[in-house]
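Engineer: Read off the chains here:
Protein chains: 2
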Amino acid sequence: MLNFELYTPTKIVFGKNTELQVGELIKDYNAKKVLVHYGGESAKRSGLLDKIYDSLAASQIEYVTLGGVVPNPRLSKVNEGLELCKQESVDFILAVGGGSVIDSAKSIGYGIACGGDVWDFYSRTREITGCLPIGCVLTIAAAGSEMSNSAVLTNEDGWLKRGALKSDFGRPRFAVLNPELTYSLPQYQTASGCVDILMHTMERYFNNSTMELTDHLSEALMRTVIMNSKILVNQPNNYRARAEIMWAGSLSHNGLLSCGTDGGDWASHQIEHELGGMFDVAHGAGLAAIWGSWARYVYKENIERFAQFAANVFDIPCGSNLEDAALAGIEAVEHFYRLIDMPTTLSELGVHPTDEQIDTLAFNCTFKNTRTVGIIKKLNSDDVANIYTMAK
Amino acid sequence: MLNFELYTPTKIVFGKNTELQVGELIKDYNAKKVLVHYGGESAKRSGLLDKIYDSLAASQIEYVTLGGVVPNPRLSKVNEGLELCKQESVDFILAVGGGSVIDSAKSIGYGIACGGDVWDFYSRTREITGCLPIGCVLTIAAAGSEMSNSAVLTNEDGWLKRGALKSDFGRPRFAVLNPELTYSLPQYQTASGCVDILMHTMERYFNNSTMELTDHLSEALMRTVIMNSKILVNQPNNYRARAEIMWAGSLSHNGLLSCGTDGGDWASHQIEHELGGMFDVAHGAGLAAIWGSWARYVYKENIERFAQFAANVFDIPCGSNLEDAALAGIEAVEHFYRLIDMPTTLSELGVHPTDEQIDTLAFNCTFKNTRTVGIIKKLNSDDVANIYTMAK
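For the record, the sequence lines run as chains A and B.
Residue numbers are given in the numbering used here: position 112 of the first sequence equals residue 112, and the series is strictly consecutive.
Residue numbers are given in the numbering used here: position 202 of the second sequence equals residue 202, and the series is strictly consecutive.
This is chain A alone, in the form it adopts within the complex (with noise of 0.2 Å):
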């Protein structure tokens, strides 16, 4: 058991109707305008936006708006918000989305308390040093990005996307959580979310580093997640499911999970990234897809490990053979995977990379063959190479 911090201010809402407090949350910052920041038409289109300018508006309030925002953010969009903050003073941001919209919002917040190049931060050449205020309206349930000091961006200009910049000044002030907002996600994106949430805990779980509260608070979590997301495949609108993925993925990503232990694994994580930057696959369906591979490359590093995940989120009894037991809990994961109509393999996902493809993704995916990934095993150009074969 590691020496550990956690540092979770975020004050979460949660339920019906918590939508209509923005205006009232916001009040406690003190902030005079507020830049409210959004993804597509969804949040028009379903009134969210209105209600949101309603409630400031009730709360006088002053605001301007910034849609627009894509999956894999951009720092374009980032750039043209901080014009906009700078523009109209703005000293809080309310993010109304899902991940992408709360990272943006969370670049913003470091461009304009620290001045220069948001891209520096994002190239590890500056430390950030403060965020402007932000709150969030969570709309999709997945990155948990609305507890976590973590934010993606992608620099347009040779499209490199850096992953997981870290920093707790950019953790949200208020994130305002209401299962009904999750209602009209397609299935595919409501279960690729499902995975994404699930593999932020896996990923930790899977670590060399244990401590007992902080593995059985996970494997708490994991089942909470399994079950409910069976549940909306066909049942999108039970508000019981939509409430325990959400709040689930709050958790999965906010540090509790990580408590004590050597951070986790990860290497599924880098190994999708890769992917994701090559071809244009949904987050959570992309690690659906490699997860298999991953867990059948590595799991005799850590056999011990594999089996109780195996016993303790499936109760698969874990006898005198832990091996049998390790891959029946690895099956168990695809076999939920398949359930909720997840990929289990890249040609499932639907993306056939070639040999030459592969190659390249696994020696951009160790930057050169420059670090390896991976905690379980730590894996160098090759493993990750022989990963996405076998995940063919």
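None of these hints come from the bench; they were simulated from the model.
Glycine included, C-beta positions come from ideal geometry on N, C-alpha and C.
Mixed in with the good hints, there may be bad ones.
When the alpha-carbon atoms are kept at most 27 Å apart in a straight line, the in silico DSS-like pairs for lysine-lysine are as follows [what the hints assert, rightly or not]: (1) 16(A) to 166(B); (2) 166(A) to 166(B); (3) 11(A) to 378(B); (4) 230(B) to 166(A); (5) 166(A) to 230(A); (6) 11(A) to 44(B).
Over 12 Å on every C-beta distance to chain B, these chain A residues come out as not near it, computed from the model [unchecked claim]: (7) 300; (8) 348; (9) 363.
Following the hints, complete the assembly by docking chain B onto the known chain A.
Structural biologist: For chain B alone, kept in the frame of chain A given last:
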């Protein structure tokens, strides 16, 4: 599932030697002068206070000290602290100790930030509008005050003890949790703390409006506490076990385990509270002595919940006869209490109330029979008297 809010801004700094970081931690709040608030002589004798003074000095932070906080912290000590803080222009309070010291610090913090008579807040005649920033170095895993929004205070004028004054302003800014600092606690106090931690979760868990994720997280925590409490009976210096218990103590009472529920029963706490007022008993031990009788008195009102508890915390198979499972779960808790040398009756607790005293306890517990206590079964004065009698 109910709407909920959760706000846990306390930064956790957990592990070995973390107490050496207090100076740096407090620096983040631009504090000029700190009140170091503590209890008895043990923090002095162990060298902990000296380490803290050194850390403050190394960060060029001035400080004054006020010790002598007793279990069930007192208004007179709070008033002494208020005088000292005003005189010395203290702008940060560092509580070094357990729940009593932290609660005393919260009361001083309210008094400085809000002015006037601190007792007003406890007698509910005035609202809390702020609190001086507080940090803490925890030396007893039990009360959970290090992350909670609640505090208790006893007014020696009439010996009124007011429980659970709640304000998010009072949540500590940081909590330094070094499990090694709890090695020296006597076994009775360690076990009593373990019961307190377990009961903070059990009180929340026995509710009538549940959320699956909260349930499973609670069950995970209860299993971990039970397992590690047993280890500490024979291995008080087992770091892992001390760490599991300490972290469980904070998570037990910070609000996480009430998310989406009605908040839980809390009758056992109310019943123990009166007992603690009339007799000199350790809080956790008092809870252990009462709980089984409470459970047997109320379980029929929600047999399913007691059966789920038995199944998921004690692996008691929950077949067709839910009542058998429910009762087996209650017995399992009592069996666990006996394993860690905790009482399961009032006489084992060393308390022998007369019938007249029981009537007084029950009358006071229900505020002269003007309120009921509990949620699983709403208990009036007669019910409470019956439970005291069953617990004899």
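Engineer: If a hint holds in the structure, say so; if it does not, say that too.
Structural biologist: Hint check:
1. 16(A) to 166(B): holds (25 Å)
2. 166(A) to 166(B): Distance of about 33 Å is beyond 27 Å: violated.
3. 11(A) to 378(B): violated (32 Å)
4. 230(B) to 166(A): The given pair, whose Cα atoms are some 39 Å apart, is violated under the 27 Å limit.
5. 166(A) to 230(A): violated (32 Å)
6. 11(A) to 44(B): violated (37 Å)
7. 300: holds (26 Å)
8. 348: holds (29 Å)
9. 363: holds (38 Å)
In this structure, the hints that do not hold are numbers 2, 3, 4, 5, 6, in rising order.
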